[in-house]
Amino acid sequence: MNPDNFQVWRPLDVGSTFVMSTSGDDNFYNITVVVNANGKQETIWRHNDFMAAPQKRTIAANDICTFHVLLIVTQDPKSGPPVSVAAHVENDGTTDPNFDLQWDFTHAGQFPITIFAQNL
Amino acid sequence: MRNACIAFVSAVLLAAAAQAAEHCQPSDTVRQCVHRFLFVLPDESDVQKTDAAASAAKSTQKAVSAVNTGITNLLSPSQTALKDFLSLLSVSGEKGSAGDAGTPLTFDYNLPVSLFGEGYKLKLQTVLAKPDLSSDLTSRLTGNDAAVTSLKNSFSYSDDITTSATLNPSSQRFGRSIAPHRAVFEDMLVSLFNTDPQADQRAGQFFKDAGVSTAKNAVKNFDSRLDALIPDASARGKVIADLEASAQGAAFTDAIAFAKNFTALLNNQPQLYGSALYHSRKDIAGANERSAKLTYEMGRHNLNEFYGGAGHDCAPGMTINPSLCATALNKFAQTTGAADSTDRVAVSVEYNRTDPVTVTLPQFSVDYSLPSGHKLVYSITYGRTLAETAADMMKEDRLDVAINYEDTKLAHASDNVPLRIIRPFDDTSTATPPPRDRFVGSITYTHKINDNFALPLSLVYANHASFLPGDVTRKLNAHFGLVYKLPSSK
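Line by line, the protein sequences give chains A and B.
Okay, so the first sequence: first residue is 4 according to my numbering, each after it adds one.
Okay, so the second sequence: first residue is 135 according to my numbering, each after it adds one.
Read the hints as simulated data drawn from the structure, not as lab findings.
Since the model is a prediction, treat every value here as computed from it, not as a measurement.
In this text, a Cβ means the ideal position worked out from N, Cα and C, and glycines have one as well.
Check the hints yourself; a few may be wrong.
No farther apart than 25 Å at their CA atoms in a straight line, the calculated lysine to any residue pairs in the SDA-like style are these [to be verified]:
#: 1; chain 1: B; residue 1: K350; chain 2: A; residue 2: Q105
#: 2; chain 1: B; residue 1: K350; chain 2: A; residue 2: V22
#: 3; chain 1: B; residue 1: K342; chain 2: A; residue 2: H91
#: 4; chain 1: B; residue 1: K354; chain 2: B; residue 2: N328
#: 5; chain 1: B; residue 1: K354; chain 2: B; residue 2: S368
#: 6; chain 1: B; residue 1: K354; chain 2: A; residue 2: S26
#: 7; chain 1: B; residue 1: K354; chain 2: A; residue 2: P84
#: 8; chain 1: A; residue 1: K43; chain 2: B; residue 2: A352
#: 9; chain 1: B; residue 1: K342; chain 2: A; residue 2: S26
#: 10; chain 1: B; residue 1: K372; chain 2: A; residue 2: G42
#: 11; chain 1: B; residue 1: K350; chain 2: A; residue 2: D7
#: 12; chain 1: B; residue 1: K350; chain 2: A; residue 2: D103
#: 13; chain 1: B; residue 1: K543; chain 2: B; residue 2: L510
#: 14; chain 1: B; residue 1: K342; chain 2: A; residue 2: S87
#: 15; chain 1: B; residue 1: K350; chain 2: A; residue 2: L123
#: 16; chain 1: B; residue 1: K350; chain 2: A; residue 2: N51
#: 17; chain 1: B; residue 1: K286; chain 2: B; residue 2: K350
#: 18; chain 1: B; residue 1: K416; chain 2: B; residue 2: T494
#: 19; chain 1: B; residue 1: K257; chain 2: A; residue 2: S26
#: 20; chain 1: A; residue 1: K43; chain 2: B; residue 2: R370
#: 21; chain 1: B; residue 1: K350; chain 2: A; residue 2: G96
#: 22; chain 1: A; residue 1: K43; chain 2: B; residue 2: K342
#: 23; chain 1: A; residue 1: K43; chain 2: B; residue 2: E320
#: 24; chain 1: B; residue 1: K354; chain 2: A; residue 2: P100
#: 25; chain 1: A; residue 1: K59; chain 2: B; residue 2: K350
#: 26; chain 1: A; residue 1: K43; chain 2: B; residue 2: Q339
#: 27; chain 1: B; residue 1: K342; chain 2: A; residue 2: N122
#: 28; chain 1: B; residue 1: K350; chain 2: A; residue 2: P6
#: 29; chain 1: B; residue 1: K427; chain 2: B; residue 2: P505
#: 30; chain 1: B; residue 1: K354; chain 2: A; residue 2: M54
#: 31; chain 1: B; residue 1: K354; chain 2: A; residue 2: D66
#: 32; chain 1: A; residue 1: K59; chain 2: B; residue 2: A352
#: 33; chain 1: B; residue 1: K372; chain 2: B; residue 2: Q159
#: 34; chain 1: B; residue 1: K372; chain 2: A; residue 2: N41
#: 35; chain 1: B; residue 1: K350; chain 2: B; residue 2: Q339
#: 36; chain 1: B; residue 1: K427; chain 2: B; residue 2: D242
Restraint-style ranges between C-beta atoms, simulated for each label pair [as the list claims (entries may be wrong)]:
#: 37; chain 1: A; residue 1: G96; chain 2: B; residue 2: K354; range: 35 to 45 Å
#: 38; chain 1: A; residue 1: K59; chain 2: B; residue 2: A375; range: 25 to 35 Å
#: 39; chain 1: A; residue 1: T61; chain 2: B; residue 2: N328; range: 20 to 30 Å
#: 40; chain 1: B; residue 1: K372; chain 2: A; residue 2: T98; range: 47 to 57 Å
Take the sequences, apply the hints, and build the full model.
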């Protein structure tokens with residue numbers, strides 16, 4: 004069973020890193036992530052950004068970051084592994100077990116996930 | 135069609151009105167408040183798939199992914215017009231072509247092929263099976279059970295190998311991959327995002343003040359009531375407004391409605407695929423075979439139609455106005471009823487050739503030859519689901535009509551030595567040269583029970599009764615079966 008698609012990850016250490024990645028058959032899904040930080044839209048991570056490498060955001064003092072994920076799966080991924088979205092927080096390169104989740108999708112559909120990651 | 139459009143628009147308006155009227159209550163927990171707007175993900179372990187967006191918008195549109203594809207076995211007379219290119223594993227009630235002697239072992243590989251350009255996918259498949267004795271040999275060994283058993287026991291998995299290669303191009307015009315459309319899709323999608331960074335900031339501040347956390351081993355106050363976390367009604371009202379605004383942006387309502395429409399058009403795109411097959415067998419199992427098949431499959435109301443008309447400035451490679459294009463696509467999908475336009479027509483041509491083979495078994499007094507033969511098969515199939523017209527329990531059922539014409543020159547085995555020298559056999563079953571042509575028409579109704587089970591019922595007509603599948607003597611026959619698709623595993 005997938006974790007709740009609304010997460011509040013706090014308090015995170017200054018200098019820790021929020022990391023998000025995705026996997027699955029690239030032909031049949033698309034992921035976009037709106038990154039809001041401290042009252043402003045900071046950037047949008049697009050699908051091809053994830054294909055190049057996991058996306059990261061370092062947490063600074065007093066940061067309140069929100070990662071709004073929209074995953075579109077256009078066909079049931081029957082021929083292989085499911086489409087997955089994984090997120091975790093790293094401290095000095097080590098994954099924090101308290102902030103380490105993965106969502107797996109075995110059917111087509113449109114799936115939003117929101118993660119608050121904040122120092123406060 | 136018109137009724138479907140009205141139903142869809144009504145459902146969207148009702149969902150939007152319901153969401154507009156939705157408010158968190160003081161008795162809500164933080165989790166409950168957020169999920170009044172951000173729908174809870176469906177349970178992936180549930181065998182009855184739930185369309186996530188449908189849960190959010192309470193829309194009447196159907197998930198394209200659960201399409202009832204009917205019987206996809208190319209050898210079956212009960213063909214469908216929609217090839218599920220991803221369903222590599224399926225089990226049906228029909229007898230397998232590899233015979234009963236052993237369970238075939240299947241190996242699949244999906245390879246991106248840069249040789250033909252980006253987006254082309256080559257599927258390689260190898261099937262190893264323990265074969266049966268050929269019918270020509272079996273007829274010559276009638277009464278000699280010991281020989282039959284001995285020869286059958288000599289088979290191994292290396293005696294019947296089928297290798298096939300299927301090329302499925304994925305481009306802007308062909309295939310159902312989102313990759314060729316990704317850039318324009320994302321531009322349109324992003325134009326519909328309406329997250330509220332300032333509401334997010336204030337919600338984050340509330341999480342800090344109220345000590346809310348979902349840390350895996352230390353969940354705090356996520357399931358606490360808002361009136362307990364914020365006793366002051368005035369302050370609570372402000373927090374609730376911030377949580378609602380943040381969660382409404384997180385719900386991506388407009389973007390999801392657009393994505394559903396885009397997905398419907400994408401999955402109606404035409405497909406063009408070709409395959410080549412080589413079937414190598416031990417001589418006592420039959421002749422080696424090779425075949426090639428080319429199939430074109432087309433559907434109505436797809437992205438090609440949108441790009442060619444209302445969305446002529448929205449095609450990949452164009453400098454698009456994302457917002458206008460998204461609006462145009464939504465309008466196009468709704469007015470055409472694309473999500474319910476499941477009609478598909480598949481046209482294919484196949485060439486099959488068998489090699490000559492000679493079987494010499496002096497210990498069993500068998501010596502015969504089978505010359506080469508060939509077959510050309512032309513096929514056209516039309517299929518659709520009954521979404522628009524049927525009652526609720528039949529809305530995902532399919533109707534498929536298939537017509538096959540075969541121009542055949544079948545091989546006929548003959549003995550290499552006079553019958554007076556070897557033991558004569560009853561050759562009445564093969565004495566009559568088979569007809570050179572064969573026409574088979576079928577109508578198949580497939581009732582979908584759930585994502586894994588379907589019940590197909592077919593009426594099959596052939597101009598030569600003896601060539602209907604199975605041991606039948608009439609030109610018109612009914613077939614009833616059960617199709618089971620293996621569930622996907624994580």
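Hint check results:
A threshold of 25 Å between alpha carbons decides the hint, and for K350/B with Q105/A the separation of about 12 Å falls inside it, so the pair holds. Restraint check for K350/B and V22/A: satisfied, since their Cα atoms lie roughly 16 Å apart, inside the 25 Å limit. Restraint check for K342/B and H91/A: satisfied, since their Cα atoms lie roughly 20 Å apart, inside the 25 Å limit. Distance check on the hinted pair: K354/B and N328/B sit about 29 Å apart at the alpha-carbon level, beyond 25 Å; violated.
Distance restraint check for K354/B and S368/B: the Cα-Cα separation of roughly 23 Å lies within the 25 Å cut-off, and the hinted pair is therefore satisfied. Restraint check for K354/B and S26/A: not satisfied, since their Cα atoms lie roughly 30 Å apart, outside the 25 Å limit. Between K354/B and P84/A the CA atoms are separated by roughly 33 Å; this puts the pair beyond 25 Å, and the hint is violated. Simply put, K43/A and A352/B have alpha-carbon atoms about 29 Å apart, too far for the 25 Å limit, and the pair is violated.
Restraint check for K342/B and S26/A: not satisfied, since their Cα atoms lie roughly 32 Å apart, outside the 25 Å limit. Proximity of K372/B to G42/A is assessed by CA-CA distance (about 17 Å); at most 25 Å being required, the pair is judged to hold. Between K350/B and D7/A, the direct Cα distance comes to roughly 11 Å. Compliance with the 25 Å bound is thereby established for this hinted pair. The hinted pair formed by K350/B and D103/A meets the criterion: a straight-line CA distance of about 8 Å does not exceed 25 Å.
Restraint check for K543/B and L510/B: the C-alpha separation of about 9 Å stays at or below 25 Å, so the hint holds. Between K342/B and S87/A, the direct Cα distance comes to roughly 29 Å. Violation of the 25 Å bound is thereby established for this hinted pair. At most 25 Å may separate the alpha-carbon atoms for a hinted pair to count; K350/B and L123/A meet this at roughly 18 Å. Between K350/B and N51/A, the direct Cα distance comes to roughly 30 Å. Violation of the 25 Å bound is thereby established for this hinted pair.
For a cut-off of 25 Å, the pair hint linking K286/B to K350/B is broken: about 59 Å separates their Cα positions. Using a Cα cut-off of 25 Å, the hinted pair K416/B and T494/B holds, with the two alpha carbons roughly 12 Å apart. Distance restraint check for K257/B and S26/A: the Cα-Cα separation of roughly 20 Å lies within the 25 Å cut-off, and the hinted pair is therefore satisfied. Restraint check for K43/A and R370/B: satisfied, since their Cα atoms lie roughly 24 Å apart, inside the 25 Å limit.
A threshold of 25 Å between alpha carbons decides the hint, and for K350/B with G96/A the separation of about 19 Å falls inside it, so the pair holds. Taking the CA atoms of K43/A and K342/B, the gap is about 18 Å. The hint holds against a cut of 25 Å. Distance hint between K43/A and E320/B is fulfilled; the C-alpha atoms sit about 21 Å from each other, no more than 25 Å. For the proposed pair K354/B and P100/A, the alpha carbon gap of about 16 Å is at most 25 Å, so the pair holds.
For the hint linking K59/A to K350/B, the alpha-carbon distance of about 20 Å falls within 25 Å, and the restraint holds. The suggested pairing of K43/A with Q339/B holds, with an alpha-carbon distance near 14 Å, which does not exceed 25 Å. With a C-alpha separation of about 9 Å, the suggested pair K342/B and N122/A falls inside the 25 Å cut-off, and the hint holds. Of the supplied pair hints, the one linking K350/B and P6/A holds, its CA atoms being roughly 10 Å apart against a limit of 25 Å.
For the hint pairing K427/B with P505/B, the CA-to-CA distance comes to about 23 Å; that is within 25 Å, so the pair holds. Simply put, K354/B and M54/A have alpha-carbon atoms about 35 Å apart, too far for the 25 Å limit, and the pair is violated. Straight-line distance between C-alpha atoms of K354/B and D66/A comes to about 20 Å, which keeps the hinted pair within the 25 Å bound. Under the criterion of a C-alpha separation no larger than 25 Å, the hint pairing K59/A with A352/B is consistent with the structure, at around 24 Å.
For a cut-off of 25 Å, the pair hint linking K372/B to Q159/B stands: about 12 Å separates their Cα positions. A hinted pair counts as satisfied when its Cα atoms are at most 25 Å apart, and K372/B with N41/A qualifies at roughly 18 Å. Restraint check for K350/B and Q339/B: satisfied, since their Cα atoms lie roughly 21 Å apart, inside the 25 Å limit. Pair hint K427/B plus D242/B holds up; C-alpha atoms about 19 Å apart against a cutoff of 25 Å.
Our hint of 35 to 45 Å for G96/A and K354/B is violated, since their Cβ atoms are close to 27 Å apart. Range check, K59/A to A375/B: about 32 Å between beta-carbon atoms, so the 25 to 35 Å window is met. For the pair T61/A and N328/B, the beta carbons lie near 27 Å from each other, so the given range of 20 to 30 Å is met. At about 36 Å, the beta-carbon gap between K372/B and T98/A misses the expected band of 47 to 57 Å.
Hint compliance for this structure: hints 4, 6, 7, 8, 9, 14, 16, 17, 30, 37 and 40 are broken, all remaining hints hold.
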